[in-house]
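Trainee: Let the sequences and hints guide you as you build the complete structure.
Number of protein chains: 2
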Amino acid sequence: MSPSHIARCTQLAMLLEVSATPKPGNIDRDHNYTDTRFEHFLASAVGVYPVLEKAAHSKSGIGALIHEAVKKSTLWQKGGNTHFGAFILLIPLVMAAGKCENETCLKAQVQNVVKETTVEDAIEFYRAFSEARVKVKTVDDLALGDAASIDKIRAQGLTLFNMMEISSSYDMLANEWVNGFQKTFECSGSIRNKIKNHGINDAVVLTFMELLSSNKDTFIQTKFDSKKAEQVSMRAREILQKADMGDIRDEIHSFDNELLKEGINPGSTADIIIAGLFVALFEGMRF
Amino acid sequence: MSPSHIARCTQLAMLLEVSATPKPGNIDRDHNYTDTRFEHFLASAVGVYPVLEKAAHSKSGIGALIHEAVKKSTLWQKGGNTHFGAFILLIPLVMAAGKCENETCLKAQVQNVVKETTVEDAIEFYRAFSEARVKVKTVDDLALGDAASIDKIRAQGLTLFNMMEISSSYDMLANEWVNGFQKTFECSGSIRNKIKNHGINDAVVLTFMELLSSNKDTFIQTKFDSKKAEQVSMRAREILQKADMGDIRDEIHSFDNELLKEGINPGSTADIIIAGLFVALFEGMRF
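Residue numbers (the numbering used here), protein chains in the order written: chain A, 6 to 292; chain B, 6 to 292.
Treat the hints as calculated values from the structure; they're not laboratory data. Treat the hints loosely; a few may be bogus.
To be verified - Listed below are the simulated SDA-like cross-link pairs for lysine to any residue, each with C-alpha atoms no more than 20 angstroms apart in a straight line:
#  : chain 1 : residue 1 : chain 2 : residue 2
1  : A       : LYS59     : B       : LYS59
2  : A       : LYS201    : B       : ASP40
3  : A       : LYS199    : B       : LYS83
4  : A       : LYS59     : B       : HIS10
5  : A       : LYS76     : B       : MET6
6  : A       : LYS83     : B       : HIS203
7  : B       : LYS77     : A       : PRO8
8  : A       : LYS77     : B       : GLU288
9  : A       : LYS83     : B       : GLU288
10 : B       : LYS59     : A       : SER9
11 : B       : LYS199    : A       : THR39
12 : B       : LYS76     : A       : SER9
13 : A       : LYS83     : B       : ASN198
14 : A       : LYS83     : B       : LYS199
15 : A       : LYS199    : A       : GLN236
16 : A       : LYS76     : B       : ARG291
17 : B       : LYS76     : A       : SER7
18 : B       : LYS199    : A       : LYS199
19 : A       : LYS76     : B       : PHE292
20 : B       : LYS83     : A       : PHE292
21 : B       : LYS83     : A       : HIS10
22 : A       : LYS77     : B       : PRO8
23 : B       : LYS83     : A       : ILE200
24 : B       : LYS83     : A       : LEU264
25 : A       : LYS83     : B       : GLY204
26 : B       : LYS83     : A       : ARG197
27 : A       : LYS83     : B       : GLU235
For clarity, every value in this text was computed on a predicted model and none was experimentally measured.
Mentor: Rendered as structure tokens:
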């Protein structure tokens, strides 16, 4: 696969995820927040192309590439952070895809890619986080945006993979890094299984609901608390237990309204869905 | 501007146009046709990137580039023809943008680009049309998909610009070629003027309505007749005469439903809107 092909699979993954509706609590084609709108996500997916293409033929530099992706995304739109979390998963996946000689070796390659990260990757990643002002739990005593923390990372010789290991117990995205992108590949399988009967929109929505029902969303935990995240997952589980698709759709709509009203957005769940869509598209899914 | 930057302005133009809603009669983020869906337009905009980048550093070969764009678009999605008409305008605009040393010379350059087309461009364009099975009025006695017609083009020495001249009296897109992309640049200005007060979605919707109100849509004329196209334009004019934006929105929704019910889609109007969005983005519009 050419770097251009891989970059386009990534763009399309970002576009399909943000378009899928209703995706409870998150921005989708029918929902905007006040300052961040659907169109900002379109512009971000478009603008970031050169960084994705570069990542597809890069053998190292994950941290710098994530940093560059965030910068490019915000150059093309004024809605702020749209895809930071997604880039944490997409950049290593895109780099792994670039190393693959066929569509089936992605799972093995991405594990190598994240394990080969360096202290410089950790520092670049820290800088990116600090600039993007993303809500995030402080990793141990390393305060984001604090120059002293960068010295600590260097002194302790922490690689980006080490930092993800530290966060993996409570952060879904870090957990993907540490556990071979397990949920990402599960989502890819789920979307591919559902697309024939449900179409691409509903395949994404149902997979989103399944992922949310079985995992407390990190973004909700950080913004609210663990209890709130667990309540949201429980509510998703209840809805999925309905057998009839018509009923489920109505319930998902109500669920969406409830979450939007409370300002609860399961952003980390959406990030894993984007990564899953990328895998499915890279492995040949079309519609 | 780099070819990549130009290609991304084009992708974003395609995405913003198909997303804008309600866009009476056409596919938008809230409306699909049976076989062609919103997501097919997203995939087409993504898939065509390499052809756009190539066009941005090409000095000739419009016909072959349009042909290649149509092929690439349909490789990435199974919804059929999504952007044929748009490519007729976008490819010369992208080529012109690639020749520009700043954002302001586009209007002059695009006129040169279309005038420099050759007989080979006409033949390639004919082939693309024939393969895409787009509804189109036969140009004089040149029947689309007919090998004898290609011989006639060659025998008469018709360039693609000549063919557009022949069609320009009844075809909005051909008329753009012949008249310096006048409506395209007007749409660009209108969108840029409206974006501050109305946001990007409504700026596109209102400009679409204005264009439709003052021009009989070619696609409607071909699919139905000139009378139907005139009725649609008249209805758009009536709606725009309402002073209050809230009222207009409701009326546009009703208009949308009427057109969808009758299967009337102002496709050529949408193509010019995409071209106008490209010009605005190339000239620096962000949101």
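Trainee: Of the numbered hints stated earlier in the document, which are not met by this structure?
Mentor: 15, 18, 24 and 27
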